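Chains as they are written, first to last, in this note's numbering: chain A, 1 to 308; chain B, 1 to 308; chain C, 1 to 308.
It is worth saying that the hints were derived from the structure and are not from the lab. Worth double-checking, as some hints may not be accurate.
[To be verified] Covered, in the sense of this in silico footprint (three residues per stretch, anywhere, with C-beta under 8 angstroms from a C-beta of chain B), are these stretches of chain C:
id, segment
1, 7-14
2, 92-106
3, 112-119
[What the hints assert, rightly or not] One side only, chain A facing chain C, incomplete, derived with CB under 10 angstroms:
id, residue
4, Ala102
5, Ala117
6, Ala139
Nothing here was measured: the structure is a model prediction, and the numbers come from that model. A virtual CB, placed ideally from N, CA and C, is assigned to each residue, including glycine.
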Amino acid sequence: GSVLGVKEFDISYGDEVASALRDGAPVVALETTIVSHGLPRPDNLTVARQIEQAVRDNGAVPATIGMLGGRIVVGIDDEQLTRLATSDQVAKLSVRDLAVAAATGADGATTVAGTSAIAAAAGIGVFATGGMGGVHRGAPYDESADLVTLARCPIALVCAGVKSILDVGATLERLETLGVSVAGYRTTQFPGFFISDSGFALDWSLDSPERIAAALRARQQQGVHHSALVIANPLPTDEQLDPALHDRVLADGLAKLDSEGITGKAVTPFLLSHFHSATEGRSLAVNVRLILRNAALAAQIAVAAAGR
Amino acid sequence: GSVLGVKEFDISYGDEVASALRDGAPVVALETTIVSHGLPRPDNLTVARQIEQAVRDNGAVPATIGMLGGRIVVGIDDEQLTRLATSDQVAKLSVRDLAVAAATGADGATTVAGTSAIAAAAGIGVFATGGMGGVHRGAPYDESADLVTLARCPIALVCAGVKSILDVGATLERLETLGVSVAGYRTTQFPGFFISDSGFALDWSLDSPERIAAALRARQQQGVHHSALVIANPLPTDEQLDPALHDRVLADGLAKLDSEGITGKAVTPFLLSHFHSATEGRSLAVNVRLILRNAALAAQIAVAAAGR
Amino acid sequence: GSVLGVKEFDISYGDEVASALRDGAPVVALETTIVSHGLPRPDNLTVARQIEQAVRDNGAVPATIGMLGGRIVVGIDDEQLTRLATSDQVAKLSVRDLAVAAATGADGATTVAGTSAIAAAAGIGVFATGGMGGVHRGAPYDESADLVTLARCPIALVCAGVKSILDVGATLERLETLGVSVAGYRTTQFPGFFISDSGFALDWSLDSPERIAAALRARQQQGVHHSALVIANPLPTDEQLDPALHDRVLADGLAKLDSEGITGKAVTPFLLSHFHSATEGRSLAVNVRLILRNAALAAQIAVAAAGR
Ligand SMILES: [Mn+2]
Ligand SMILES: [Mn+2]
Ligand SMILES: [Mn+2]
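If we strip away everything but chain A, and leave its shape as in the complex, we get:
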């Protein structure tokens, strides 16, 4: 399995991340599909740097994760980030793609599932993203691998819920079925990504990074449960997309799916692009705001968990 003693597929670590992990300093994992596939160019690279800066501003080291030339890198540098943000040859890597992509020497951006699994394997306990995947509307078998992967990875995932273009209620049921913990950050209402409240209630609210860190410590000390803790972090109501606008755009989008006969894998990109154009870019600005807030909260949790 190795050439001259070098394992060709070992995970590589950025210097700063490697030293933080060695020292027990706070680290926050970040994904890269938002960079490669989630945000339009050239904003994607700017925003990716802002997310890393939000982690730093709150006292933690960002560990942005991706694949370069078949190697998983935890803590990519700015040159590698630029490559993933600008190349047209970047695969979207869920957890099941990591080994096959490595064998083909691919460049790749990791999804929530891929990043969660790598973070857990690397010993990084907190991960910030925008929203997590879920169950697709009207497609009972089309369920993101994020959910099952979270059920296997003992991390904290800070997100703003699930995009409303998915079936939020079914997604919450699956998280319950799969044993994934969910708590609101200072709320018992599950956030709706673009909007502060999805309309679905939560059983638990945690009110400080210290309390969240205590929950992570409890999980480790109890040794009973090995799934993720989703921290659902809503936008303040004055920063959300106007809920009336949101509901109208969503209803229009769903109606267009019907009238234009769009089904299956085409649904999500269609609805996201519809949101972007129908809100004249406001949905995108909201998307960026919530990610930066999630990165900041994740860093505060990592700091609290590191006991510093």
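Got chain A; can you put chains B and C with the ligands on it based on the hints?
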């Protein structure tokens, strides 16, 4: 992760349970949601003590499991049992709630999922309950976390099947899909909780506690399969709820769901309460009988497994 | 848990397999339900021997897996193979049945799920079969335990896809949800078992046994993902069942299900038998061809993975 060397979230053990586990003596795990949420007061406390006694009468130590002030306790004492049976501030804790509840310092009663995971972590191999959770009727995504949790916990769960208010057929399919073993105790018909026979057949029947203990030993020695073994223990036909009454009450209840527009999470409590009133309390008496029988069988299995 | 120091339920190994595993020589796991339940007698025994020979011809040791008198045997001998091929008392053993069957002293043939789990426990990394299980048409809860089991077993499964009598699209979605890797062998079209192309596309193609071995090595070195890699190996188009015949027979079969009111567990055997008779045995010949090809490819992968 600790204050003055004391880990604040470690599992606590009752003295008798701790010493039984140390000695390899037979222990049976018991859940507490039946005490806090499943049975009406003040019978709930009486019945909880009877269940513990049924375990003792059959040669094993009862390990009733709950959370007190944020601490998981395996083998709660009578004072703690009384607190969970009488307080109005007792959370219902599935496996995914354990760490978050601990961080909030809650009192809590553990579900089948929560208890199974704690028992497995504590090294207790046999668990007795009334019935396990399952798939909800007419709600494809509403599937109890019990099923996925059983797929992860190498314990034996003694129960009387699944309440008929759930979708029994879909539940059996999910158990098959998830790789959870199911065997009837002296029957190849899956019991129907209140009634002896749900109408669904099983592939395997085991005819003695010794044979069941052999299956648990086989699982351990093979080292191939790490999911639960459900022992489906039917009531004798002369102790069941009259099947004609059962079927009529169930049909009435399902019709009322339709006519009163009851859906989602309201379905199960509505149907259970309907059974209670429409059978003039007979369903409750049957419920208690089957739990006591399951506790006795579980103790016999634990004794056989301990090789005493 | 043992009698005179002998563990009664330990896995037994055939001599040749035991020595190959000790030496790190290439080994391929083979299942036995195809022998006991999948193929008509007496061809079943002949074909089983041909499959083993195909493994040998390509440089690896066949480890045919089954249960004899309650013992799992990895690498059954010809006498044991004959017993499973000719007895009428052979249980069909999925992973969840292994311990219970052992406790009853049964003879049994292992399914894809059962064989995958045993292979993984025995340290055998490559497994060849015909087709894997999947989601049943029109039966949302009827999903083969193969899928969840593959999500837990870090093996390579070489197969020709999923029989078209199942819901192929839903099966591919479940594999994605569960995090099971799928790659085509020299194709990006998922094969359709009897036919070379199911009509569904794949994200990844691997073009040599060495490349597949590299993916297995990457998975191990990364340490992130612990599920199976399905290698989908299509028949060459000139060896497939004529696609027009296939589509007509499938449509006829599905129509007959409706008109004859066949549902549930009766669907699959009905459709398989319909294929057999309606193609005048050609579907069976195709079935045998694809298994032999899968066995050969699996052996080549095992050889490449062993680095010889
Ligand atoms: Mn999908
Ligand atoms: Mn539910
Ligand atoms: Mn099935």
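Taking the hints in turn, this is what the structure says about them:
For the segment 7-14 of chain C, the stated coverage by chain B is satisfied: 5 residues place a CB nearer than 8 angstroms to a CB of that chain, which reaches the threshold of 3. Requiring three or more residues with a Cβ within less than 8 angstroms of a Cβ of chain B, the coverage given for the segment 92-106 of chain C holds, as 11 such residues are present. For the segment 112-119 of chain C, the proposed coverage by chain B is satisfied: 3 residues have a C-beta within less than 8 angstroms of a C-beta in that chain, meeting the threshold of three. Satisfaction of the interface hint for alanine 102/A is found here, the shortest Cβ-Cβ separation to chain C being roughly 4 angstroms, below the 10 angstroms cut-off.
Checking alanine 117/A against chain C: minimum C-beta separation of about 5 angstroms stays under 10 angstroms; hint holds. Annotation: interface hint on alanine 139/A holds; nearest CB of chain C at approximately 8 angstroms, less than 10 angstroms.
When held up to the earlier numbered hints, the structure conflicts with none and fits them all.
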